[in-house]
Amino acid sequence: MATRYDKLAAHYAATVTIAEIIDWLRAPPDRSHS
3 MATRYDKLAA HYAATVTIAE IIDWLRAPPD RSHS
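FYI, the numbering for the sequence shown is 3 to 36, going by our numbering.
Take the hints with a grain of salt, since some may be wrong.
Derived Cβ-Cβ restraints for the label pairs, each shown as a range [stated by the list, open to error]:
id, residue 1, residue 2, range
1, 5, 32, 27 to 33 Å
2, 5, 25, 27 to 33 Å
3, 9, 29, 28 to 34 Å
4, 29, 5, 33 to 39 Å
5, 27, 5, 28 to 34 Å
6, 32, 6, 27 to 33 Å
7, 5, 30, 39 to 45 Å
8, 9, 32, 36 to 42 Å
9, 6, 30, 38 to 44 Å
10, 6, 27, 27 to 33 Å
11, 6, 26, 37 to 43 Å
12, 5, 26, 28 to 34 Å
13, 6, 31, 38 to 44 Å
Treat the hints as calculated values from the structure; they're not laboratory data.
The beta carbon of each residue, even a glycine, is placed where N, CA and C say it ideally should be.
Work the whole structure out from these sequences, hints included.
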């Protein structure tokens, strides 16, 4: 039971991290200046 939740948490964390990286890569260069 704990293993299932640990695996789910790890998968969720990886998904969020990948989504943030993709969003950061797709962000326009001038977004950091404002």
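Right, here's what the structure says about each hint:
At about 45 Å, the CB distance of residue 5 to residue 32 disagrees with the hint of 27 to 33 Å. Checked against the hint of 27 to 33 Å, the C-beta distance between residue 5 and residue 25 comes to roughly 30 Å, which is consistent with it. Under the hint 28 to 34 Å, the C-beta atoms of residue 9 and residue 29, about 31 Å apart, fit the expected range. Separation of residue 29 from residue 5 is about 36 Å and conforms to the stated range, judged on CB atoms against 33 to 39 Å.
For residue 27 and residue 5, the hinted distance range of 28 to 34 Å is satisfied, since their beta carbons lie about 33 Å from each other. At roughly 44 Å, the beta-carbon separation of residue 32 and residue 6 lies outside the given 27 to 33 Å, and the hint is violated. Between residue 5 and residue 30 the Cβ separation comes to about 42 Å, which falls inside the hinted range of 39 to 45 Å. For residue 9 and residue 32, the hinted distance range of 36 to 42 Å is satisfied, since their beta carbons lie about 40 Å from each other.
As the Cβ distance of residue 6 to residue 30 is approximately 40 Å, the hint placing it in 38 to 44 Å holds. A hinted range of 27 to 33 Å for the beta carbons of residue 6 and residue 27 is consistent with their spacing of about 32 Å. Against the hinted window of 37 to 43 Å, the Cβ-Cβ separation of residue 6 and residue 26 comes to about 31 Å, which falls outside the hint. For residue 5 and residue 26, the Cβ-Cβ distance of about 32 Å falls inside the hinted range of 28 to 34 Å, so the restraint holds.
Between residue 6 and residue 31 the beta carbon distance is about 42 Å. The supplied range of 38 to 44 Å therefore holds.
Violated hints, listed in ascending order, are 1, 6 and 11; each of the other numbered hints is respected by the structure.
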